[in-house]
Amino acid sequence: MHVCGRADLPLTIDHIIPKSKAVTTVENLVAACLPCNNKKGDRTLEEADMNLKIRPYTPNHILFIKSTSGDWRTHGNLIYSTNIQLSGRTI
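Residue numbers (the working numbering): 2 to 92.
No wet-lab data here; the hints were simulated from the structure.
Some clues are possibly wrong.
Said to hold, decoys possible - DSS-like mimics (lysine-lysine), calculated; alpha carbons at most 30 Å apart, straight line:
(1) K54 to K40
(2) K20 to K40
(3) K40 to K22
(4) K54 to K20
(5) K54 to K22
Source: prediction; values computed, not measured.
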């Protein structure tokens with residue numbers, strides 16, 4: 002997540018290193034509010050003078066099992082109750 006850490010705004014998915022400069026991987030994606038995403042634009046974090054609150058990482062199956070207590074329905078509810086803005090659409 003970008004430096005502001007606001008939870009009261011819809012989130013977008015942003016590339017840490019812009020798509021024009023890197024391959025998209027899980028580690029290159031973060032949640033960002035729209036103002037932070039727009040502020041960063043097609044620049045790196047350093048170029049935009051921004052920092053990350055949490056460095057992204059590839060999740061593993063152990064974290065999934067622990068977070069859902071092994072119940073896939075819990076995970077499904079989390080997915081469907083999360084609002085993420087992609088290209089102006091809420092998913």
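Here is how each hint holds up against the structure:
no.	hint	result
1	K54 to K40	holds (16 Å)
2	K20 to K40	holds (16 Å)
3	K40 to K22	holds (17 Å)
4	K54 to K20	holds (21 Å)
5	K54 to K22	holds (22 Å)
In this structure, none of the earlier numbered hints is contradicted; all agree with it.
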